[in-house]
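J.: Listed here are the chains, written in short residue letters.
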Amino acid sequence: MDAFKVLEIKKSVYEGNDKRAGALRSGLKKDGVFLLNLMSSPGSGKTTTVMRTIEALRGDMRIGVLEADIDSDVDARTVAESGTRVIQLHSGGMCHLTADMTRQGLEGLGTEGLDLVILENIGNLICTAEVDVGAAKSAMILSVPEGDDKPLKYPMMFERVDVLLINKIDAISFFNFDMEAVRERVTAMNPGIKIIPISAKTGEGVAEWADWIRSAVRDWKRA
Amino acid sequence: MVPPSIVSTGEVGSLHELSVVIEVVRTVEEFARENGVTRIDKLVLQIGELSSMIPQYIEDCFPCAVDGTSMVDTKLEIEILPGNGRCRSCGAMFNLVANKGICPECGVKDAEVISGKEFMIKEIVAC
Ligand SMILES: Nc1nc2c(ncn2[C@@H]2O[C@H](COP(=O)(O)OP(=O)(O)O)[C@@H](O)[C@H]2O)c(=O)[nH]1
Ligand SMILES: [Mg+2]
Ligand SMILES: [Zn+2]
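As given, the protein sequences belong to chains W and D, one line each in that order. The first sequence begins at 1 in this note's numbering and counts up one residue at a time. The second sequence begins at 1001 in this note's numbering and counts up one residue at a time.
Bear in mind the hints are in silico, worked out from the structure with no lab data behind them. Please read all numbers here as calculations on a predicted model, not as lab measurements. Please note that a few of the clues may not be correct.
To be verified - Some chain W residues near chain D, calculated using beta-carbon distances under 7 Å: (1) F4; (2) K5; (3) I9; (4) S12; (5) V13; (6) G16; (7) C95.
All residues carry an ideal CB built from backbone N, CA and C; glycine is no exception.
With these hints in hand, go ahead and build the complete structure from the sequences.
T.: This is the structure we're talking about:
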């Protein structure tokens, strides 16, 4: 029998992905492409918000979309109808994207000439938050019907994102949704977070969101 | 884009583990190559009690993750690392899981996590 030999690795499992995410981030920085990671539960309004965002920013920047939300290309088609460059990632039922999958998606999309790429991440509030995809900034959507206690149930996502969009505020009167309580809960977990109530349906609040993106891109280009 | 080849177990909770374990296998194979190891008898992982990873799921999906790799015959061992915290009020150290986050010394529920969120590839046993 061969002699057994123990080889110590002592490496965090996330290290490989984190390294690839870092490399992707600096590559995008060099190319001047701002990658925005948009996350939420299924049905919170990611696709609708992406459409609104394109509408609001189309005059200022060239936008591409990485669509990873579902395994059909319905969402990609919706976005493509707006004349935006879009690619559907087939995530094969995975619950989160890795930096590698994002890089492959960006290569498929072709980022030349783009200022902003929005990644509509897989509809999942749990593990998408944990995995660095190499984005410059990340945003999540909490929609009013999901309830104001969601930050208590899924703290990780709220702790890590740069922006929280509270969507479907047009429907707020039908739900017991305490906006102030959400602000308090979320700010306690993540003091630097920007919270913007919007309705992707009526367009309310979208201008503020578009302004946030404009200034985030501007600051990022300067840094 | 080429879809990642994964085997769905039909259980949403374990898909996350599966994709992470695929990543682990990849890292370990890379390490083995760099170190001239051709056969890995055992892989030892360390998972913190406070990690979002569920050890049982990891064990369940390990065979799928190593399928078709050089690690098909590799055994998996998982060590659990304790989720310890320090009380912000009195400074006592205690196990957060066993005490449900409440300091056994002073009863305050405000502890800083010291350990337990790790998910590490500890070592391999090569032969
Ligand atoms: N009332 C209302 N419905 C919305 C709003 N935004 C999205 N929806 C609806 O919510 C559903 C899911 O939206 P979608 O954008 O596909 O969510 P995704 O799964 O996160 O991409 C669709 O029926 C949308 O029309 C909103 O602001 N208000
Ligand atoms: Mg969608
Ligand atoms: Zn105490």
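J.: All hints, please: hold or fail.
T.: Taking the hints in turn, this is what the structure says about them:
no., hint, in the structure
1, F4, "holds (5 Å)"
2, K5, "holds (5 Å)"
3, I9, "holds (5 Å)"
4, S12, "holds (6 Å)"
5, V13, "holds (5 Å)"
6, G16, "holds (5 Å)"
7, C95, "holds (5 Å)"
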